[in-house]
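Order-wise, the sequence lines are chains A and B. Residue numbers are given in the numbering used here: position 36 of the first sequence equals residue 36, and the series is strictly consecutive. Residue numbers are given in the numbering used here: position 109 of the second sequence equals residue 109, and the series is strictly consecutive.
Mixed in with the good hints, there may be bad ones.
Straight-line distance between alpha carbons at most 16 Å, and here's what the computed EDC-like set of lysine to aspartate or glutamate pairs gives [as the list claims (entries may be wrong)]:
#	chain 1	residue 1	chain 2	residue 2
1	A	K243	B	D273
2	B	K155	B	D273
3	B	K144	A	E212
4	A	K228	B	D293
5	B	K144	A	E216
6	B	K308	A	D214
7	B	K282	A	D234
8	B	K144	A	D214
9	A	K243	B	D293
10	A	K243	B	D254
Estimated spans, in silico, between C-beta atoms of each pair [stated by the list, open to error]:
#	chain 1	residue 1	chain 2	residue 2	range
11	B	G236	A	R245	41 to 47 Å
12	B	A80	A	Q237	58 to 64 Å
13	B	D11	A	R184	36 to 42 Å
14	A	R245	B	N182	38 to 44 Å
15	B	A80	A	D12	31 to 37 Å
16	B	D83	A	I191	51 to 57 Å
17	A	S89	B	T47	49 to 55 Å
Keep in mind that the hints were calculated from the coordinates and are not lab data. Predicted model, so just to flag it, every value in this text is computed and none were measured. Cβ coordinates follow ideal geometry from the N, Cα and C atoms, glycine included.
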Amino acid sequence: MKILVGIKRVVDYNVRIRVKSDGSGVDTDGVKMSINPFDEIALEEALRIREAGLAEEVIVVSLGGNECQQQLRTGLAMGADRAIQVDTSENLQPLTIARTFLKVIEKEQPGLVLLGKQAIDGDNSQTAQMLAALWDRPQATFASGLNLSGDTATVVREVDAGLETIEVDLPAVVSVDLRLNEPRFVKLPDIMKAKRKPLDVISLGDLGVTSENDLEISHYTPPPARDKGHMVEDTAQLVAELKSRGLV
Amino acid sequence: MNRTLIIAEHDGTSLNPSTSKCARCATAIGQDFDIVVMGSSTNEIATQAAAIDGAGTVISVDAEHLANPLAANHASEVVAMADGYSHILGPSTTYGRDLMPRIAALLGVNQVSDISAVEDGYHFKRPIYAGNAIVDVHAPEGSKVVATVRVASWKALGDGGNAAVESKSASSAASSHTRYVNLESGGGERPDLQTATSVISGGRAMASKENFDLIYELADLIGAGAGASRAAVDAGYCPNDMQVGQTGKIISPDLYIAFGISGAIQHITGIKDAGTIVAVNKDADAPIFEVADIGLAADLFTVIPEMKQLLG
Ligand SMILES: Cc1cc2nc3c(=O)[nH]c(=O)nc-3n(C[C@H](O)[C@H](O)[C@H](O)COP(=O)(O)OP(=O)(O)OC[C@H]3O[C@@H](n4cnc5c(N)ncnc54)[C@H](O)[C@@H]3O)c2cc1C
Ligand SMILES: Nc1ncnc2c1ncn2[C@@H]1O[C@H](COP(=O)(O)O)[C@@H](O)[C@H]1O
Numbered sequence: 001m002k003i004l005v006g007i008k009r010v011v012d013y014n015v016r017i018r019v020k021s022d023g024s025g026v027d028t029d030g031v032k033m034s035i036n037p038f039d040e041i042a043l044e045e046a047l048r049i050r051e052a053g054l055a056e057e058v059i060v061v062s063l064g065g066n067e068c069q070q071q072l073r074t075g076l077a078m079g080a081d082r083a084i085q086v087d088t089s090e091n092l093q094p095l096t097i098a099r100t101f102l103k104v105i106e107k108e109q110p111g112l113v114l115l116g117k118q119a120i121d122g123d124n125s126q127t128a129q130m131l132a133a134l135w136d137r138p139q140a141t142f143a144s145g146l147n148l149s150g151d152t153a154t155v156v157r158e159v160d161a162g163l164e165t166i167e168v169d170l171p172a173v174v175s176v177d178l179r180l181n182e183p184r185f186v187k188l189p190d191i192m193k194a195k196r197k198p199l200d201v202i203s204l205g206d207l208g209v210t211s212e213n214d215l216e217i218s219h220y221t222p223p224p225a226r227d228k229g230h231m232v233e234d235t236a237q238l239v240a241e242l243k244s245r246g247l248v
Numbered sequence: 001m002n003r004t005l006i007i008a009e010h011d012g013t014s015l016n017p018s019t020s021k022c023a024r025c026a027t028a029i030g031q032d033f034d035i036v037v038m039g040s041s042t043n044e045i046a047t048q049a050a051a052i053d054g055a056g057t058v059i060s061v062d063a064e065h066l067a068n069p070l071a072a073n074h075a076s077e078v079v080a081m082a083d084g085y086s087h088i089l090g091p092s093t094t095y096g097r098d099l100m101p102r103i104a105a106l107l108g109v110n111q112v113s114d115i116s117a118v119e120d121g122y123h124f125k126r127p128i129y130a131g132n133a134i135v136d137v138h139a140p141e142g143s144k145v146v147a148t149v150r151v152a153s154w155k156a157l158g159d160g161g162n163a164a165v166e167s168k169s170a171s172s173a174a175s176s177h178t179r180y181v182n183l184e185s186g187g188g189e190r191p192d193l194q195t196a197t198s199v200i201s202g203g204r205a206m207a208s209k210e211n212f213d214l215i216y217e218l219a220d221l222i223g224a225g226a227g228a229s230r231a232a233v234d235a236g237y238c239p240n241d242m243q244v245g246q247t248g249k250i251i252s253p254d255l256y257i258a259f260g261i262s263g264a265i266q267h268i269t270g271i272k273d274a275g276t277i278v279a280v281n282k283d284a285d286a287p288i289f290e291v292a293d294i295g296l297a298a299d300l301f302t303v304i305p306e307m308k309q310l311l312g
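Work out the full structure: start from the sequences and follow the hints.
As structure tokens, then:
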């Protein structure tokens, strides 16, 4: 079985995001870029499945410009077998990304597709669900547990009400949550080795996908600031203030 | 066809307030709305939905295989009735986030996630980058809009309505590839985080599962919901459904009290809409104090017992 893992290049989660003063976007100049944290977890899970002998090959896929090869190389250094960059200069929206993944799936015939539950830049949380719909296959979103047995996967999902377990037939699309695993660290020799692993570049057009970014995103503004608060000296003052505000 | 369809969320016994919040968003768009209730033995839920002020028709789709909220099954039903609607809205809860993109893809449109404000039927505002930026999203005029509504940004409508309930049989059979197994519910009897008027949260500083009883006791004393930071959940001090933040629950209580939470951006995202934020942290430089309305630099293990005494 092959496993396909989606890797998105995003602004590192530790970076303090600043909206550009002209409202045209957020400042990404010289800012640290990383693999979307959820995608790192997706990749770690794929590697563990391969190491357990349940998959032969792990392929990392990213849609983006040449700069996303950096994240693909990191994925290869973590242990992925090969990488595919779908080259596009556009900031594609989830429906087009899902359509693109579907084309890659038709070529590669994976038994499992692992994506992040959301990309921390757009916070869309859509791609996995859309891909499953277009592929007409099961989706198991927000996974914090994943067990493969033959042609089925048992997935524990983090939902608002607690932990939901579902069973899906493979192939399936699973979107992963943070508590699924802790990704391994990349070691220096692996970075060297990763340079020799295959990284194919295909253009969006060659895959037969046309971008359909039908949502227009504009006017970036910082969120409204909260009024500056104040400190109290002790618990008695705190409780008195909560009482006077009618909150307790 | 300028009409909105709202996907009702429920747990089999009661309607989730997220439904009424989506209805409020529909009225902000300026449209009449219907509500679809999918489940098994949906009568009671349908009645609750019919009470939402201004609801047009409540469509009740009752079938065994719809009892559990599997997106594969629920999406087919919504797609089957999509023709009559310009807008289809669901909540930004895990139910809606799982379901709505599947519907959008089947209808061939992108989805607008997390609507926090409405300018008009094709023009919305939503947060991105963990709430660090708000953007305008324009959907093509006249296109079908499939969206999730950021429930923390909207108040529920009143419940004095009396809409007609229409029964409809399921249009598709159960999906053969996806099977529901079970739900292990973490939460006890405390108010639901997404609707509670007060929430008391603990962070990594709680240091153990046993110590979290302090949070529960204080919460129970003032009828609050109990929440946590991701670090506290990861450490196993409390169940995952208590996590507040970017990847947990986004909440908007009147009062939020954070004990021993440092105030990482991913946590703050979840509480920005709270009325009053209180932070108790022994580090006077903790970033949480930058967003707190009232801060107390002290040890939580002294403060909580004192609060219990003063409030008991
Ligand atoms: C993609 C991503 C998504 C994330 N999503 C979320 C999310 O949804 N929610 C979330 O919460 N986090 C989330 N995180 C994690 C987040 O970045 C922080 O790591 C986390 O919020 C820290 O939790 P904490 O404040 O409890 O722990 P810490 O940061 O360790 O803070 C503990 C605090 O307790 C204080 N303290 C210690 N002892 C005491 C005492 N006795 N009395 C009083 N104060 C004391 C310390 O001064 C410190 O400020 C996410 C991270 C990533 C990468
Ligand atoms: N440009 C991209 N390249 C590769 N994978 C992506 C891309 N965009 C989204 N994904 C995958 O889809 C997941 C969910 O993204 P989103 O729907 O945008 O929140 C991400 O965690 C990735 O696994």
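Hints, verified against the model:
Restraint check for K243 (chain A) and D273 (chain B): not satisfied, since their Cα atoms lie roughly 21 Å apart, outside the 16 Å limit. Among the hinted pairs, K155 (chain B) with D273 (chain B) is consistent with the structure: their alpha-carbon atoms are about 12 Å apart, no more than 16 Å. Taken as a hint, the K144 (chain B) and E212 (chain A) pair is honoured in the structure, with Cα atoms around 15 Å apart against an allowance of 16 Å. Of the pairs offered as hints, the one joining K228 (chain A) and D293 (chain B) holds, with about 7 Å between alpha carbons and a cut-off of 16 Å not exceeded.
Under the criterion of a C-alpha separation no larger than 16 Å, the hint pairing K144 (chain B) with E216 (chain A) is consistent with the structure, at around 15 Å. A distance of roughly 54 Å separates the Cα atoms of K308 (chain B) and D214 (chain A); the hinted pair therefore is violated under the 16 Å criterion. Straight-line distance between C-alpha atoms of K282 (chain B) and D234 (chain A) comes to about 12 Å, which keeps the hinted pair within the 16 Å bound. Distance restraint check for K144 (chain B) and D214 (chain A): the Cα-Cα separation of roughly 11 Å lies within the 16 Å cut-off, and the hinted pair is therefore satisfied.
Using a Cα cut-off of 16 Å, the hinted pair K243 (chain A) and D293 (chain B) holds, with the two alpha carbons roughly 15 Å apart. The straight-line distance between the Cα atoms of K243 (chain A) and D254 (chain B) is roughly 13 Å, inside the 16 Å bound, and the hint therefore holds. Checked against the hint of 41 to 47 Å, the C-beta distance between G236 (chain B) and R245 (chain A) comes to roughly 35 Å, which is inconsistent with it. Checked against the hint of 58 to 64 Å, the pair A80 (chain B) and Q237 (chain A) passes, with Cβ atoms roughly 59 Å apart.
About 38 Å separates the C-beta atoms of D11 (chain B) and R184 (chain A), a value consistent with the hinted range of 36 to 42 Å. The hint said 38 to 44 Å for the Cβ distance between R245 (chain A) and N182 (chain B), and at roughly 42 Å that hint holds. Taking 31 to 37 Å as the suggested C-beta distance range, the pair A80 (chain B) and D12 (chain A) does not conform, at roughly 43 Å. A hinted range of 51 to 57 Å for the beta carbons of D83 (chain B) and I191 (chain A) is consistent with their spacing of about 54 Å.
The hinted range of 49 to 55 Å is satisfied by S89 (chain A) and T47 (chain B), whose Cβ atoms lie roughly 53 Å apart.
When held up to the earlier numbered hints, the structure conflicts with 1, 6, 11, 15 and fits the remainder.
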